[in-house]
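**Q** Please model the entire structure based on the sequences and the hints provided.
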Amino acid sequence: MRGATLARWIVLALILAIVFVPMYWIVVTSFKTGRQILLSQSVYVPRPFTLDNYVYLFEESRFALWIRNSAITASASTLLSLLIGTAGAYSLTRLSFPGRRTFGGIVLVTYLVPPGLMFIPLYRTFIGLGYTNSLGTLILAYPTFLVPFVTWLLMGFFRSIPRELEEAALVDGATRVQAMVRVVLPLAAPGLLAAGLFCFTLSWNEFLYALIFIADDSLKTLPVGLSEFVVSDFAFWGQLMAAAALASLPVIVVYIYLHKYMVQGLTAGAVKG
Amino acid sequence: MNALTDRHRERLLGYALIAPVAIFLGGLVGYPFLSAIYLSLTEKTVGYPAHFVGLRNYGALLESGRFRIVAWNSAAFTVGSIVVKLVIGMAMALALHNVVRGNQFIRGILLLPWVIPTVVIALTWKWLMDLFRGLINVALIDVGAVKGGVHWLGDPTLAMVSVIMANVWRGFPFFGVSFLAAMQTVPQDLYDAAAVDGAGGWHKFWRITLPSIKGVVAVVTLLSTIVTLNDFNIVYIMTRGGPGAATHIFATYSYELGIMSQRWGLAMAASMASLPLVALLIVGVVRYLHREEE
Amino acid sequence: MRTLATRLAVLVALLTVAVVPALGPAAAAGKLSLWRLKTYIPPADKILDANAQDCAKKAGVELAIQTYTFDDMWTKFTAAIESKTLPDIAELDAVGPARLANLGRLADVSDVVAAATKELGPILANADGAVKFGGKYYAVPHYAIPLVLFYRPDILAKVGAEPPDTWEDIQRVSEKVKKAGAQEFPNGFPWNRTGDGYDPAMSLLWSYGAAWVDKSGKFTGIPKAQGLEALKVVTRAYLADKTSAFDYLSWSGATNNEAFMAGKITFTPNGPSILFQEESTQHPLLKDTAIKLMPRGPAGRNLALTFVMNWAVPTDGKSQKDAKALIACVMARENFVKYMTGSFRQMVPLFAKPQDDPYWNTPTGKIIVDTVKQGHPVGWPGPTTPAAAEVVSGNVLTDMITRVIVDKVTPEAAIDEANKRIKEIYDRLPVK
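The listed protein sequences derive, respectively, from chains E, S and Z.
Residue numbers for the first sequence follow this note's numbering, beginning at 1 and rising by one.
Residue numbers for the second sequence follow this note's numbering, beginning at 1 and rising by one.
Residue numbers for the third sequence follow this note's numbering, beginning at 1 and rising by one.
Take the hints with a grain of salt, since some may be wrong.
[Unchecked claim] As a list, the in silico DMTMM-like pairs of lysine to aspartate or glutamate whose alpha-carbon atoms are at most 20 Å apart:
id : chain 1 : residue 1 : chain 2 : residue 2
1  : Z       : Lys408    : S       : Glu63
2  : Z       : Lys46     : E       : Glu60
3  : Z       : Lys224    : Z       : Glu412
4  : Z       : Lys373    : Z       : Asp357
5  : Z       : Lys292    : Z       : Glu162
6  : Z       : Lys232    : Z       : Asp169
7  : Z       : Lys408    : S       : Asp155
8  : Z       : Lys232    : Z       : Glu175
9  : Z       : Lys423    : S       : Glu43
10 : Z       : Lys366    : Z       : Asp165
11 : Z       : Lys232    : Z       : Asp407
12 : Z       : Lys242    : S       : Asp155
13 : Z       : Lys318    : E       : Asp216
14 : Z       : Lys420    : S       : Glu43
Honestly, the hints are just simulated from the structure, not real lab data.
**A** In C-alpha cells:
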C-alpha cells in the first residue's frame, strides 16, 4: 500500500513539474531586458528585473485592443454556438421526427472537417457574401467547429436527464418549449457551463482563421497579435513572453474558479454520451 | 385525434429547433466543403480564375516525394502524441484517483496547459528549446548532462519529438481529467470484491478499472486523434514544417501550398488527403462503441 | 428562473451593444489606407509614419497606416488579392510588383518615379528589374536591405586565416576554425525558408553560372554541371566537414543572428541588423564583428537584391491620384533623407543621390551600399517575373539544397527535381 502511495505522489510531482516549467519560463523571461535575453544573462532569475516589457505592451503595442477583440469574438461565438447547439441537442434527443438519426450523425461528422481544409473555401464563401475583414466574420466562422461539439456534449447531458421530469411538466399543462426551459435546461446547467467554457477557450485560442479573415490592424485578435512580436530577423522574446503571460491570465482565472463545473459537464458528456 | 396533433407538433418543433444547426452547418460547413472538393479539382493560383484540371492535383501529390513525407509525418505526429497523451493521462488519473485532499486544486492546476492559448504554448516551447539560450539547453549544460546545446528544433528526428512534446503538454490534461472522472464512477464494491479474492493493484487496474472506462477511453482518444491530425498552430509556429520537411504535416503543407506558392487547388487536394484516415477511424470507433453497448 | 432569465437578457444586451459596432466593415470612407512593413527598427518606422502623416495633412487627406511582418505579408496580401481589398498604397517586397502587375492590379506610377528622380537622382539600374515592366514603372523603389557576409576577424587571426573571398574559401576556413577547436559549427549559412536562405542560394547559383533563366527571362533550367559544383560546395559543410549545425536549417531567420552574437559561429550571411543589435545593446562582440561582400564563385561575384521594399498603388483603391501624390511626397528629398539617416544604416536607398550621402561614408556603410549597387534582381539574368517570384517564394532553391542535406537525396536528383518544379512554375505563369 505504501509503495503505491509513494508512486502516486512521485507521478503527481513529476507531472506538476512538467506543467510548471514552461509557465515559469514565460514569467521569468517577461521580466528580463533585451540585453539579458540576448546575452543569456541571469537565466534562471532576472537580476535586476524590469517591467519594461509589460509597459511596452500597453504603451507601444496594441495589446489592450487585441484583448478587446478576442473578448468580443469569443463571447459572441460562445453565445451563438450555445444557442444553436442547445436547440439542436434538445431536438435530437427529446423530439422524434423522421431523419433524426441521420441528421445527428451528420452534425457529428462535420466536427471532423479540418480547419486546415476549410480556411480557403470558407474564406471564399465570405468573400462571396461580401463580408470579410470584420470581427463578425470570425463570430460566424467559429461556430462551424464549436456547434458540433456543443451539440454532442449536450446530447450526452440531456440523455442523462430522466424524461419523467418533463412528462410531469407536460402533464401539468406546460408546452414542450416551456418544459425545456423550465425543467431540462436548469438541470443541464453544468453541461451548458462546460460547453460555454469550452467554446470560449477554443475561440480565444483560435489562430488560423483570425490570421486570414482579418486584415485590419485594429481588429486583430490576441493570437495573431502575439505573432507580431516575431519580426523577420528576431523575436522580441521579452515582450512576447510578457504578452503570453497576460494573454493566458484571464482564461486561467476563469478556469481555476469554474473548473469544477467544467469537468463535471465535460465528463458527463463523455461518460454518458 | 389529440395524439396525432401532438406528434405533429412535436415533429414541427423538432425541425424548428434543428433548423438553425442545419442552416448554419449547411451554409458554412457543407457548402465550403463541397467548394473545397471542387477547388481540389482545379488549378487556382491566387488572383487568377480557377480552371478545371480533374485529378491532376492528386496525381501530382502522389508523385511528389514531399507529399509522402508529409503523410508519414502526420501519422507519426498523431500516433506519437496520442500514445504519450494516453499514458500520461492514465497515470495522472490513477495518481489522483482516491486522493481526497487537494484533489480539486491539483486537478485545476493540471488543466492549465489545456487552457493556455495554443499560440502561447507553441511560442513558449520554441523559446524553451532555443539552441543557445533556451532554458532546457542552458540547464542541461549547467548540470553537465550535455556539452553543447541539443538541436531540439534543428535535428530532423528531434524536431518531430519536440513538436510532439509541445502537443502532449497541451493535450494530456484532457485525457487525465476525463479518465479520472470515468474512474470515479466505477463502483467501489468491484474493487472490494477483488481485494477479498486477493487481487493486487495491477490486477485491479487491468481487470476492473480499464474495462469499466473503455468507452471513455475510446471517445477521448478518437476526439483527440482528430484534433491532433488537423493541428496547425504548434508545428507552424515552432518549425514551419522544417528542418527541410521533417515536421511538415498536412495542415502546414496545405498552408504553404496555398499562401507561399499561391496555389489553392493543390492546397485543397493536400488537405483532402487526411480525410480517408479520419473516416476510417470514426467508423472503427463507432462500430466498437456500438458493440460495447450491446 | 426569472432572475436567471433577466441576467441572461442583460448579458445579451451588453454583448449586443459591444459587438454590433465591431460587426461593420473596417475601412472608413474618405481615408487613404497604407500598408507598410513592420521592421526591426522601431525608431525608423516612427519616422516613416510621421513623414507619411505629415504628407497626408499637407494634402488634406486622412491616412490610416497598417503594418505587417515579413512572415505574414503574403498571408495578408493573398487574402486581399482574392477579396479585392488591396489598400490605396502598398509597400511591396521584391516580388510583389511583378505578381500584382501581371494580374493588372497595379497603377502605372511612372510619373511618380519621374518626380522622385528629380529629387533623388536616377534609379539604380538593377532596381528596375523588380518594378519596371513593358517600359512602365509599376512601383517606386523605397529601400533595400542587402545581405552581407558577417565574420569574426579575431577568430580568423587566431587560426591564421584570411577573410574569405570565394565560396570555397568559406568552407576551407570553417574547417580550419573547427579543427583548431575554436568553434564547433563555425559555418552559419542557413538554407532555410527565409531571406537568409534564398538570397545566398540565388547568389550561390549565379556565382557558379547556374541561373535558371536566360536574359529574356525564359526558362532554361539549372545547368547540371554548374549546379552540381555549387551544391557540392555548400552541402559539404553539413554532410562532410560538419562545420554547420542542422539547427541552421530551421525556420527562424533569427537563429543565425543569435548564434553569431552568442559567439558560436564565425560566418553568416545577414542583413546589417546584427550591427544594429550589437550597437544598441553595447554587445561585447561589437569590436570583433566585421562584414564584407558576399563570396564570389567561378562565374564571378553575383549578389542578389532580394530584400527590397517598393511603393505601389493597387487599382482596388479609389483614390489613386491622392495615393500617388502621397508617395511622391514621402519620397521627397527631405523626407527620404530624414528616414534614411534615422535607420541606423539599415535602409539603403535605390536612387543615386542619397547613395552618395556622407551618411554611408563609414567602413561598414561603404560595404553595405556597394552590395546594393552590385545586386541583381530576383530572376536574373532576366527581369523579375511572377514565375521567378514563385521560384523564390516557393523556396525551390533552398529546398533543393535541404533535400540533399536533410533528405539525403543525391545532388543530381535534387537538381532534376528543382528543374521540374521550376519548369512547372514557368509553364503555369506566363512570362509577360
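**Q** Does Glu175/Z lie within 20 Å of Lys232/Z when you go C-alpha to C-alpha?
**A** Given pair Lys232/Z, Glu175/Z holds - Cα atoms ~15 Å apart, limit 20 Å.
**Q** Take a quick look at whether Lys242/Z and Asp155/S sit within 20 Å of each other, Cα to Cα.
**A** Holds. Lys242/Z to Asp155/S sits at ~13 Å (cutoff 20 Å).
**Q** Regarding the pair Lys366/Z and Asp165/Z, is the alpha-carbon distance no greater than 20 Å?
**A** Between Lys366/Z and Asp165/Z the Cα gap is close to 17 Å, so the pair holds against 20 Å.
**Q** Decide if the proposed pair is consistent with the structure: Lys373/Z and Asp357/Z, CA atoms, cutoff 20 Å inclusive.
**A** Roughly 14 Å between the alpha carbons, so the hint for Lys373/Z and Asp357/Z holds.
**Q** For the pair supplied as a hint, Lys408/Z and Glu63/S, is the alpha-carbon distance within the 20 Å limit?
**A** holds, 18 Å
**Q** Check whether the Cα positions of Lys423/Z and Glu43/S lie no farther apart than 20 Å.
**A** Holds - the C-alpha atoms of Glu43/S and Lys423/Z are around 16 Å apart, at most 20 Å.
**Q** Would the hint linking Lys232/Z and Asp169/Z be met if the CA-CA limit is 20 Å?
**A** holds, 13 Å
**Q** Holds or violated: Lys408/Z and Asp155/S, Cα atoms, limit 20 Å.
**A** The hint holds at about 14 Å.
**Q** Between Lys318/Z and Asp216/E, is the straight-line Cα distance small enough, at 20 Å or below?
**A** holds, 18 Å
**Q** With the threshold set at 20 Å, check whether the alpha-carbon distance from Lys420/Z to Glu43/S stays at or below it.
**A** holds, 18 Å
**Q** Decide if the proposed pair is consistent with the structure: Lys292/Z and Glu162/Z, CA atoms, cutoff 20 Å inclusive.
**A** Since the Cα atoms of Lys292/Z and Glu162/Z sit roughly 12 Å apart, the hinted pair holds (cutoff 20 Å).
**Q** Mind checking the alpha carbons of Lys46/Z and Glu60/E for me, to see if they're no more than 20 Å apart?
**A** holds, 11 Å
Violation of the numbered hints given earlier is absent; every hint is satisfied by the structure.
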